[in-house]
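**Student:** Taken in order, these protein sequences are the chains called A and B. Position one of the first sequence corresponds to residue 1 (my numbering), numbered consecutively onward. Position one of the second sequence corresponds to residue 1001 (my numbering), numbered consecutively onward.
Think of the hints as simulated: they come from the structure by calculation, not from any bench. Accuracy of the hints is not assured; some may be wrong.
To be verified - Per label pair, the in silico range of CB-to-CB distance:
1) A:GLU125 <-> B:GLU1073: 47 to 57 Å
2) B:LEU1442 <-> A:PRO38: 52 to 62 Å
3) A:SER16 <-> B:LYS1406: 23 to 33 Å
4) B:HIS1170 <-> A:MET1: 35 to 45 Å
5) A:HIS103 <-> B:THR1023: 46 to 56 Å
By construction, the Cβ of each residue, glycine as well, lies at the ideal position given by its N, Cα and C atoms.
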Amino acid sequence: MTRSQILANLHTSLASNRPWLESVANSAPHTIPPYVMPAADDLVEQFAAELRTIAGKVYVVADERAALNQIAALLAERPSPQIIAWDVEQIGLAGLPALLEAHGVTLAASDLHGASRSAHLQNMEPLAICISGVEAGIAESGSLVLRHGPGRPRLASLLAPCHIAILRRSQLVRGLGEALALLRNRYDEAIFTTTSNLTLITGPSRTADIEMTLSLGIHGPPEVHVILVG
Amino acid sequence: MPSQSISFYNRVATALDDTSLKTALSRATGRFVGNRAGALRALSDADGLRDTARAIRAGALAQLDTLLVQLAERVEARGGHVCWASDAAEAQHYIVNLAQARQVRSIVKSKSMASEEIHLNQALEAADLEVIETDLGEYIIQLAGETPSHILAPSIHKTREQVSDLFHQHLGVPPTDDIPTMTQTARRALRQRFLQADMGISGVNFGVADEGAVVIVENEGNARLSTSVPRIHVAIMGIERIVARMDDLGVMLQVLARSATGQKLSVYTSIINGPARPGEADGPEEFHLVLLDNGRSKMLGSQYAEALLCIRCGACLNACPVYQAIGGHAYGGVYSGPIGAVLTPILQPDLPDVHLLPQASSLCGACQEVCPVRIALPDLLLRHRADAVKAGKAHPIEQAAMSSYKRMMTNPFLYRAAGRAARNGSRLLGRKGRIRRLPPPLHPWSRERDFPTLPAKSFSEMWEEEPE
């Protein structure tokens, strides 16, 4: 009823204004640029510099062993019997299960759709660390692209005060346009077949709502640590 | 809301007398303006990007009927629900009924101007539902019982001392002047609200027709929590806030973040497609999209259609010398600044004095200059002024003055006579080349400045006397 009324109004309105709107639509190309800033030579350097200017931490490491050492150092500074994380096979770091076991750390149950919903949430709330993989990294904004889904909970980059993300050099793209094109090429029409959520993360949670003064970590993690491998 | 029952001129006078408001406004708008300019300078082709953003938005509006149907069908194909709401009452009704049917007790809300537009909180509270605003600025003004004064920074009119008092009073924490401490207080107070909420309500920055998705942009993480933890997610979207393709976000998200806060991208961009899929650990079991018309479908056919290109970045507020002086509350409606002066008379036509809002502009053009989709705001304000005159809403003295002015300017004899009278009059009133106080009804103009006396002869008289 309402639907047809709204659509009828739109038809009437567009009958008079569509030509004008189309002339504006045709006044510039709709091409999406792959990136929007002057191209940098080294994407690793650009990504690290961008993320650091917005208070993110970046560790550029040569290989998986060095990545695991870095994770071990972060775990040691924030002792936590459990962490909130993607399934280890989704993070794609072969030595991670052994490392967690060596530190006596287990993955918290994160399923919110069963009877233990409330228990799982209360159990996760005080935990210190979340760990996730990424789909891509965007060099010119220091952003991470996360494609959530089974084995890739959203809360594993959101709930705890310290978010550790594993990013491969090969996953870096220059700009947002390139990242969206990459998703399109990789999944075509099926981007959302198995997931309900894509998230871009650009630095730690922030607010300036009181006197325009910056504070980190209002609701999301105040710390974002990106371990850039390769 | 007291601000709506007082006349527009009184609200302006009160705002101008408020020195702490003035400090807060100049700090905030100054910062926003500087950050925006820096972010645009860093681009290879800022103007080209804005042209593309404008073209993408206009293209989406040109096929708004088909894109909305496509969006709704794709949301439903994923198991989501769509409510088409023609006005505030229908949207309120749908959300309140849904909450009651699902035995919802508490609701967390992330920032949504559309929900302010339909006064959703009042409707939910009237139905005995607890609703908590979770954006820090919105939370502060909810505690204070006020309304947002800026699209992006709803509490910029509050000082740190006022926030500390509010937290002390409502949360029982000791007073502090340390802003990060206040932020952590809010984090702790709101965290359990997220975990215990049955329903999360959010706005929508962009609907994406080809994927059936909604995009929510934020810096705090409260929108991610509101849309990931509770069992039910309700997203409220003005019907015009749509793009045809997900790829379009490659331009729109970048011009939005840069124009709004000067960030390259906002901290969190969530692209949400329906409820959680099987096997997903979190995300809502139910997803509801409320498509809010509330005057927009008719506005699309009017001479104000261009204002529907707006992506709510707030750049025109920050750039506007009137907004900088009076802030958001003086406008009386949900949307303030130049875009508010254009939208409010259409979206909230019943507010008293609403026809005066388009007068709150010097037509300097700063708003159009900074608009990421280049809306011709001064032109739209002029159209509103013309409409108000046609509707007989102009002040009788102003109308009389304008019609005599027209008569004088179109009659050479009257024009010369009036010029002579004004020159003679100004010499009588003036002293040493200045008039300290103009006669009524012009005297308010000279309250804070002098008016120069007019020269003895007009330009054409001097021209005629000038020897070759």
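**Student:** Now tell me if each hint is right for this structure.
**Tutor:** How the hints compare with the structure:
Here the CB-CB span from GLU125 (chain A) to GLU1073 (chain B) is close to 38 Å, at odds with the stated 47 to 57 Å. Against the hinted window of 52 to 62 Å, the Cβ-Cβ separation of LEU1442 (chain B) and PRO38 (chain A) comes to about 55 Å, which satisfies the hint. Checked against the hint of 23 to 33 Å, the C-beta distance between SER16 (chain A) and LYS1406 (chain B) comes to roughly 30 Å, which is consistent with it. Taking 35 to 45 Å as the suggested C-beta distance range, the pair HIS1170 (chain B) and MET1 (chain A) conforms, at roughly 43 Å.
With their beta carbons about 50 Å apart, HIS103 (chain A) and THR1023 (chain B) fall inside the hinted range of 46 to 56 Å.
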